[in-house]
Amino acid sequence: MQRAVLPVLGALCLFLLPHPGETAAITTLKSLKLDVPASDAMFPAGPGSDAMNNNCLACHSADHVLNQPSLSREAWQEVVNKMITAYKAPIGPDDVKAIVDYLVRTKGTS
Amino acid sequence: MQDNDVRPRGLTRRRVLGGMGIASLALMSSRASAQQTVDLHVPGGPSTRTITTSYPQKGRMILQRSSPPWLETPFEVFDKGVFTPNDQHYVSWHWANFPGDIDVDSYRLTVRGQVNQTLSLSLKDILQGLPRVDIAAVNQCAGASRLYAEPRVAGAQWANGSMSNAIWTGVRLKDVLDRAGVKAGAIQVRFGGLDEPVMDGAPKFLKSLTIDHARDGEVMIAFGMNDEQLPLLNGFPLRLVVPGWCGVYWIKMLNDIEVLDHPDTNYWTATGYRVPDTPHNTVKPGETGFKMVPVTRNAPRSFITNIRNGDSVPAGTPASARGIAFGGDCGVARVDLSIDGGKSWRPTQLGIDQGTYSFRQWQTQFTLPARGAQTLMVRCTNTRNEAQPDFRIWNPAGYMFNTIKTTNVVAA
Chain E
2 MQRAVLPVLG ALCLFLLPHP GETAAITTLK SLKLDVPASD AMFPAGPGSD AMNNNCLACH
62 SADHVLNQPS LSREAWQEVV NKMITAYKAP IGPDDVKAIV DYLVRTKGTS
Chain Z
172 MQDNDVRPRG LTRRRVLGGM GIASLALMSS RASAQQTVDL HVPGGPSTRT ITTSYPQKGR
232 MILQRSSPPW LETPFEVFDK GVFTPNDQHY VSWHWANFPG DIDVDSYRLT VRGQVNQTLS
292 LSLKDILQGL PRVDIAAVNQ CAGASRLYAE PRVAGAQWAN GSMSNAIWTG VRLKDVLDRA
352 GVKAGAIQVR FGGLDEPVMD GAPKFLKSLT IDHARDGEVM IAFGMNDEQL PLLNGFPLRL
412 VVPGWCGVYW IKMLNDIEVL DHPDTNYWTA TGYRVPDTPH NTVKPGETGF KMVPVTRNAP
472 RSFITNIRNG DSVPAGTPAS ARGIAFGGDC GVARVDLSID GGKSWRPTQL GIDQGTYSFR
532 QWQTQFTLPA RGAQTLMVRC TNTRNEAQPD FRIWNPAGYM FNTIKTTNVV AA
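As you go down the protein sequences, you meet chains E and Z in turn.
Going letter by letter, the first sequence gives residues 2 to 111 in our numbering.
Going letter by letter, the second sequence gives residues 172 to 583 in our numbering.
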């Protein structure tokens, strides 16, 4: 991306630094009732995607995984182990293998 | 810590924000128009992210994860000034199970454990029954800039926008603990919020501080953020603020304070959020045999905010650079700029000091001597004389990255 830097604007902005000013002190808080978006996106279909969808999406959305970098099989195995031991994901041994294979196939380093 | 005196007198918030808008809008207009994705420009994995505006009380944010939300502050926001607007303050949750519905009349904060008297404080008790304090402080995730780890590591793939600065208004944790009466033998204080794990047996998100830290008079329970109540996703109605320390300690939707007479053994305090106990918490990939310690304080950082990678800068004529810096858990002593790849450094002018733990703006003029590819670098040195390192910090979990930021430009 190429973008010309405007030298003049820099000086201008420094004089316009925002300082939160005097405002009425907070005296009460207002109750909130808000909807926090969830995601129903599934993992891209392929070998192991059922295991991914069945085991991973209870705690986090698919984009958590899809935004991860490419990692080695050892690193993915370690991630899945952490989900089981630290965060108590109830993943059976067959699904562990399917999940690690899926991750290596779609987001591996080789 | 400053008591109600971090705000310059005689200047209204509205007026300043209005003025700020004009300059920054002009600067952003070419980039911000109807953009639906942002390219974070990293190798080794997905580089683009969606821009979302669909989270309540939040404006344009970089969507790092839908649920539980990881929403990153778009970097151009940091060029607008030192305080991050509430609707673009970054968001990070560990568990998806937290309420969207908070009733201020029935909300209670419990103080229990090794205290003379268990407390159940209403929000009215906290807003009206205790001395108020204000403090400007940067909230930064320990995993900030994990995206730039080489080799890449698993975790939230934050670029540089999992940090935000606000003026927090609230009450001292010390005053609340004193009201309960801490018993002799107390050694730690553990904090919990309304967020709950999804899976049975999974560890509730809790963090602890030593009793001395908890009573230092700076750690506070905030109900205000830049003169407004906190957005839900930033922890409404109460959030622990631990000035100078990583955001993981800043428990959101705080409703439980437990004074302990034994070391906290919960996962998040005793096992999670660990870094090598080495200088700058850095090791070589594959290296073993080092001790692991918890992440605690922030480290100094600085950024150029008005020039981005790939920008064109005029050669042979003065140009302006400006940006933000913070010292970590102490103030900013100096910010230096290099235009020759780190061979030589020149001081910049620091902007108004908003407090030890705040972002501080810096600016300077520079002239690139020749046309072609050039490298700008900016380095913060804090008041403890700790400077950002010029080598790339790496550790297995990608925490505490504060390597000097390099911006590649084309002099034309």
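Derived from the structure by calculation, the hints contain no laboratory data.
We put the beta carbon where it would ideally sit given N, CA and C, even for glycine.
Treat the hints with care, since some could be wrong.
Said to hold, decoys possible - Here are the simulated DSSO-like cross-link-like pairs (lysine-lysine), alpha carbons at most 27 Å apart as the crow flies:
(1) E/LYS89 <-> Z/LYS295
(2) E/LYS108 <-> Z/LYS345
(3) Z/LYS295 <-> E/LYS34
(4) E/LYS108 <-> E/LYS98
(5) Z/LYS455 <-> Z/LYS375
(6) Z/LYS455 <-> E/LYS83
(7) E/LYS108 <-> E/LYS89
(8) Z/LYS455 <-> E/LYS31
(9) Z/LYS295 <-> E/LYS83
(10) Z/LYS345 <-> Z/LYS295
(11) Z/LYS345 <-> E/LYS83
(12) Z/LYS462 <-> E/LYS89
Unchecked claim - Computed Cβ-Cβ distance ranges for the label pairs, DEER-style:
(13) Z/SER515 <-> E/SER32: 35 to 45 Å
(14) Z/GLU321 <-> E/ASN54: 43 to 53 Å
(15) E/SER32 <-> Z/GLY300: 15 to 25 Å
(16) E/THR110 <-> Z/ASP561: 39 to 49 Å
(17) Z/GLU321 <-> E/ARG106: 16 to 26 Å
(18) Z/GLY543 <-> E/LYS31: 51 to 61 Å
(19) Z/GLY487 <-> E/ASN54: 28 to 38 Å
(20) Z/PRO227 <-> E/PRO91: 30 to 40 Å
(21) E/LYS31 <-> Z/VAL369: 46 to 56 Å
(22) E/ASN54 <-> Z/PRO540: 50 to 60 Å
Said to hold, decoys possible - Partner residues are not named here, just some residues of chain Z that face chain E (Cβ under 7 Å, in silico):
(23) ARG236
(24) SER237
(25) SER277
(26) LEU280
(27) THR281
(28) GLU321
(29) ARG323
(30) GLN328
(31) PHE407
Structure versus earlier hints, numbers of those that do not hold, lowest first: 1, 2, 5, 8, 9, 11, 13, 14, 16, 19, 21, 25, 26, 27, 28
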